[in-house]
Structure formats: C-alpha cells, structure tokens
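Trainee: Just need the whole structure built from these sequences, with the hints factored in.
Number of protein chains: 2
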Amino acid sequence: MNIGEVANRAGLPAKTIRYYEDIGLVRPMRDSNGYRAFRESDLHKLAFLGRARALGFSIADCRALLQLYEDESRTASEVKDIAQVHLSRIEAKISDLAEMRDTLRDLVGRCSGDDRPDCPILKSLADD
Amino acid sequence: MNIGEVANRAGLPAKTIRYYEDIGLVRPMRDSNGYRAFRESDLHKLAFLGRARALGFSIADCRALLQLYEDESRTASEVKDIAQVHLSRIEAKISDLAEMRDTLRDLVGRCSGDDRPDCPILKSLADD
DNA sequence: GATAGGCCTTCCTGTTACTGGAAGGTCAAG
DNA sequence: CTTGACCTTCCAGTAACAGGAAGGCCTATC
Chain R
1 MNIGEVANRA GLPAKTIRYY EDIGLVRPMR DSNGYRAFRE SDLHKLAFLG RARALGFSIA
61 DCRALLQLYE DESRTASEVK DIAQVHLSRI EAKISDLAEM RDTLRDLVGR CSGDDRPDCP
121 ILKSLADD
Chain Z
1 MNIGEVANRA GLPAKTIRYY EDIGLVRPMR DSNGYRAFRE SDLHKLAFLG RARALGFSIA
61 DCRALLQLYE DESRTASEVK DIAQVHLSRI EAKISDLAEM RDTLRDLVGR CSGDDRPDCP
121 ILKSLADD
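Protein chains in written order, with our numbering: chain R, 1 to 128; chain Z, 1 to 128.
Keep in mind the hints are simulated off the structure, nothing from the lab.
Be a bit skeptical, because a hint or two may be false.
Restricting the straight-line Cα-Cα distance to at most 20 Å, the calculated cross-link-like pairs of lysine to aspartate or glutamate (EDC-like) are [what the hints assert, rightly or not]: (1) R:Lys-15 - R:Glu-5; (2) R:Lys-93 - Z:Asp-96; (3) R:Lys-123 - Z:Asp-96.
Here the structure is a predicted model, which means the values were calculated and not measured.
Mentor: Below is the structure:
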C-alpha cells in the first residue's frame with residue numbers, strides 16, 4: 001500500500017503519516033523505488049492513532065497507548081490512568097473556556113453594536 | 001518604570017512583555033543604560049492586553065482591539081464583531097471538547113482499571 | 001575599591017502537531 | 001514521449017511564548 005491509499009483508508013493526511021513516521025510512531029517498509037510500503041498492521045496502527053488524536057490525546061499519550069496496545073502484559077489500570085489524566089485536563093479546559101464564554105456573552109450582550117464609539121467590551125478590557 | 005515593576009503591576013511575565021514589544025504591541029522608551037522605560041500608558045496597555053488574552057483573544061485580535069481602543073472614531077460594531085467571532089470559536093471548541101469528554105467518561109467508566117489486560121478504552125481505539 | 005546579589009540586556013533554542021511548498025524522481029496511460 | 005498523478009526529501013512557518021546562556025548595570029556592604 002502506498003501512502004495515498006493509507007491516507008484515504010485511515011482518514012489521515014499523507015503529511016501527517018510521514019510525520020508519524022518521522023517521530024517513530026509507525027515504521028513502514030520501503031519499496032525498491034523508495035516509496036513507503038504499508039502493511040495492514042501499519043494501517044491499523046494509523047487508524048488507532050487517528051482515533052486517539054480525535055479524542056484529544058497528545059502524541060505522547062498516543063505513543064504510550066500504542067505501546068500498551070501492543071503489550072500483551074499491559075494492565076487496564078495503566079490505560080485508565082492515561083485516559084483519566086487526559087479527561088481531567090479536558091474538563092479543566094472546558095471550565096476555563098466556559099468562564100470565558102460567560103464573560104464574553106455578557107459583554108457582547110451588553111454591547112449595542114452600533115456606530116457609536118461607546119462599548120462595554122473595551123471598557124471592561126480597559127478596566128478604568 | 002523598569003520591566004520588573006511593570007511585570008508585577010500588569011501581572012504579566014517580563015518575557016511576555018519583551019515579546020509584546022518584539023511584535024510591536026507596546027513601544028516603551030529606553031533609558032540611557034539600555035533598560036526599557038515604561039510609562040503609565042504602557043502599563044495600561046499591557047494590563048489591557050493581559051485581560052484580553054485572559055478572555056482567550058488571539059494576539060491578532062488583541063492588536064485589533066487595542067487599535068480600536070485608541071481610535072476615538074471607532075464604532076461599537078467593530079468591537080462587537082471581533083468579540084462575537086471569538087465567542088463563536090470558543091463555543092465551538094467547548095462543544096468539541098464536551099464530545100471528547102463524554103466519550104472519555106464513558107470509556108473510563110467502563111474500564112475496570114485492574115491488573116488485567118482487557119480494556120474497553122483500547123478496544124474502542126482499535127475498533128476491531 | 002572589590003565583590004555579591006539582583007536587576008537588566010540580547011540572542012538562540014525548544015515547544016505542539018502538524019501544514020505548505022519547492023525541487024525533483026516514478027509510474028501508468030495515451 | 002509526454003502528461004498527470006503519484007511519490008520523495010527538505011526547509012520554513014504556525015501561536016505565543018518559556019528556558020537558558022552570556023554578559024552589562026546598580027546598589028549595598030565590607
């Protein structure tokens with residue numbers, strides 16, 4: 001399989017796949033012409049990575065998850081730990097963003113949006 | 001005022017203030033010894049920037065907001081537009097994150113977290 | 001006057017996870 | 001034999017700084 005087909009089937013850009021090879025997440029073979037030759041197992045790994053990334057896991061987490069996936073002697077707790085830390089980070093980020101959203105909503109709601117210079121948004125930022 | 005005092009009073013790291021000067025957001029004077037010499041107006045600008053950044057505005061947005069702030073002939077609509085676009089982005093990000101959170105919560109909740117290798121999190125990522 | 005500590009300066013590198021683009025080799029079809 | 005669609009490597013850029021090295025400045029103290 002060439003990179004184009006893998007990209008299609010894994011739903012990842014070819015650039016991303018090359019990058020994943022660069023950082024050692026996948027190690028495709030090479031054809032005699034220099035083209036990358038992906039096996040089904042490489043495709044499978046890439047799809048795994050795509051799904052993990054879609055859940056917001058960092059590349060470092062993905063690497064760890066992939067290793068655990070391939071390690072028959074892993075424990076569920078190792079996997080769960082990674083997921084839980086990640087979940088906490090996401091929850092924290094959501095609450096940060098929710099606070100920004102609330103403030104912004106309030107400010108936007110109070111701004112007339114007309115052609116006069118007076119604006120509560122700027123007032124709030126200037127905090128005079 | 002030297003950079004240290006400004007950093008304290010504006011609540012920004014000195015590194016960040018130097019960076020803001022680099023990209024032209026503030027233009028402090030210089031003392032004869034080469035030290036940056038901040039006026040009250042610089043401090044005020046930096047505090048403005050700090051608050052805008054805390055609301056998640058990008059540096060580009062901050063630059064635009066600062067310009068509007070200093071432009072007496074601005075209109076509230078120009079400010080509101082920037083804030084509204086930003087608010088939409090935040091709302092979109094929150095909903096992306098909320099979806100990840102829901103999926104992760106479900107997976108984490110279904111993972112025993114014990115010392116056996118079987119784990120629904122990995123199963124879901126592998127999607128066999 | 002020497003020195004120590006705490007400022008300040010610039011410059012360079014690294015971070016995250018790619019994306020875009022240039023320059024050029026390969027392959028299948030017409 | 002040329003065209004177009006692949007593929008390759010390599011370099012630069014993104015966002016918004018943070019860390020750290022090497023060195024100058026300032027004030028106080030001995």
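Trainee: Taking the hints in turn, state whether each one holds.
Mentor: Against the structure, the hints come out as follows:
1. Under the criterion of a C-alpha separation no larger than 20 Å, the hint pairing Lys-15 (chain R) with Glu-5 (chain R) is consistent with the structure, at around 13 Å.
2. Between Lys-93 (chain R) and Asp-96 (chain Z), the direct Cα distance comes to roughly 11 Å. Compliance with the 20 Å bound is thereby established for this hinted pair.
3. For the hint linking Lys-123 (chain R) to Asp-96 (chain Z), the alpha-carbon distance of about 31 Å lies beyond 20 Å, and the restraint is violated.
Hint 3 alone, counting from the list given before, is not met by this structure.
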